[in-house]
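Q: Starting from the known structure of chain V, fit chain E onto it as the hints suggest.
Top to bottom, those sequences are chains V and E.
Residue 104 in my numbering sits at position 104 of the first sequence, with consecutive numbering throughout.
Residue 77 in my numbering sits at position 77 of the second sequence, with consecutive numbering throughout.
Read the hints as simulated data drawn from the structure, not as lab findings.
Owing to the predicted nature of the structure, the values given are computational and were not obtained by experimental measurement.
Beta carbons: idealized from backbone N, C-alpha and C, even for Gly.
Misleading hints may appear alongside valid ones.
[Unchecked claim] Examples of chain E residues lying across from chain V (beta carbon under 10 Å, computed):
1) 61
2) 64
3) 81
4) 82
5) 85
6) 89
7) 111
Read off the chains here:
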Amino acid sequence: MGSADLVGADAPERPRRPRWAVWGERALETIIRLSGVSAIIFVLAIFFFVFREAAPVLFNGHFNILQFLFSTAWYPTSESNIRYGTFALTLGSFSVTALAMALAVPFGLGAAIYISEFSGPKQKETLKVIIELLAAIPSVVWGFIGLTIMNKIIVAVTGAPVGVNLLNGGIILALMSVPIIVSIGEDALKAVPDSYREAALAIGTTKWQLIYRVLFPAAKNGLLAAVLLGVGRAVGETMAVLMATGHAVQIPHGVLDSVRTLTANIAAELGEAAAGSDHYRVLFLTGVLLFCITFAVNLTADFVIRGVRRK
Amino acid sequence: MPLPSKTIEIEDLRLAYGVKEVLHGISFDIFRHEIFAVIGPAQSGKTSLLRCLNRTIDFTPNATVNGSIKVDGQDIRRGDIYSLRRKIGMVAPLPVGLPMSIYDNVAFAPRCAGLSQKSRLDDLVEKCLRQAALWDEVKERLLSLGTALSGGQQQRLTIARALSHQPEILCLDEFSIAIDPVTTMRIEDVLKELKKEITIILVTNLTHQARRLADRTLFLWNGEIVELDRTETVFSNNPGSKKTYDYVNGTFG
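Next comes chain V alone, as it looks inside the complex:
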């Protein structure tokens, strides 16, 4: 073995990756890219298909879009004068969501803070498991609770003639949104580095000052996301509000009035509307409206978060 061997015809053999590994990596990259882009395709496709079902009614000559958006008269099956006004339904969705958030946000964020900052390790685990369990309860079960238990409680406490109303729906929706707000909010707080906590406490802040002066600013995006996911759940929820809100098309004047939401309306009437009829198409148009509302909420949220970030 002389040195001539090394300098000779071929350089020392370096390990080389097999061909399948190189191609496999490329294939994986393509698949991952497709999965990423697919979200856009799905959103557009859903919008397209829902809109396609709804579109003919827009151009049939006697449909009035202003009446659809701003009239409170929803008489899809009237014999003399069929009217499709969704304003009361939109307002119903808004009021139930607003009430639910008014209850769920303080409660949910409070619970997130408690779990993240105050509870001991064992209690933390227990609480998280139970809250996840709460999130797993099907919405029809929540609706059932609203219809039976909450209904009776509301009648007994407030003396209202019916217990299925805005208040009932708001409470049920709040209970459904809280687990989401808690788990996302807790994640956001957990993501704040411990060094921030130590640094703040080391200069003599109290626990509460730490929370609202350091943790809130540091976790604000995550906490906002938690709240918005809660809003998303509340706006989109169908079955529970269908059962708990009383299903009356009217503008609510108080929390004890019954309401109907956009989602509940679609779920309740789509089965009865003849496929291809005006009624059927208007229900799909309601779906488009709902889509636009959630889109607007998400977009606003995005801008808010961006604004917060820029500042």
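A: Quick look at chain E alone, frame taken from chain V:
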């Protein structure tokens, strides 16, 4: 020369993480208005010792502290923890800029202590940033994010923050680890200046830094005091212990 008064009295301090004892019953005093250096190799308990002083050791769940630490004659476990921590400023080895503006970082502690008057806060922020040799670099952009500063600037920001609650004792744990030598020298000058008003405890791996700054130096090794004496003595050719000589001259082991 009048006898200097004691500000910290430590007696038989024992600290254990779980079953592993890291400080084996050490006792010493720190005098008012001195720079007190703690040197020693890694794992010798220097940082743990500092964390005992302002009770940030409480954050470590399985740490148990025995013995007594008195600050200005009061046992630190008796008094109010918030006022204790305001009395003792702490600068960590790696800077932690809180996620807020430079101004808010420095104004953080005074605000938490209840100071809300804008003009007094402005003065205080400027004074602390000047003391930490950072004012000239950031005075134009006090409202930009503290976390966007460079590592060395952030370290000086944490020093300014530690000074902002006007502590009587300032603990610096390896403060020069993330800063360049020039800035280190500037801060060392600041410390010499500050010594007139407050007591400074300096934990350092740079023995030369201790030699330059400290009045007295404590050599800690494996949780025990090897030597505590005037800095000249510790760094002289015949300190009290052979081990000290070997350590400061780099022939340890």
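Q: Confirm or reject each hint.
A: Status of each hint after checking the structure:
1. Interface restraint check for residue 61(E): the shortest CB-CB distance to chain V comes to about 8 Å, inside 10 Å, so the restraint holds.
2. Violation of the interface hint for residue 64(E) is found here, the shortest Cβ-Cβ separation to chain V being roughly 17 Å, above the 10 Å cut-off.
3. Hint status for residue 81(E): holds, given a least beta-carbon distance of 8 Å to chain V, under 10 Å.
4. Given hint, residue 82(E) at the interface with chain V, holds; its Cβ is 5 Å from that chain's nearest Cβ, closer than 10 Å.
5. For the restraint placing residue 85(E) at the interface with chain V, the shortest Cβ-Cβ distance is roughly 4 Å, inside the 10 Å limit, so the hint holds.
6. Interface hint status for residue 89(E): upheld, as the beta-carbon distance to the closest one in chain V is roughly 7 Å, under 10 Å.
7. For residue 111(E), the interface hint holds, the least distance from its beta-carbon to any beta-carbon of chain V being 8 Å, beneath 10 Å.
Taken one by one, the earlier hints fail for this structure only at number 2.
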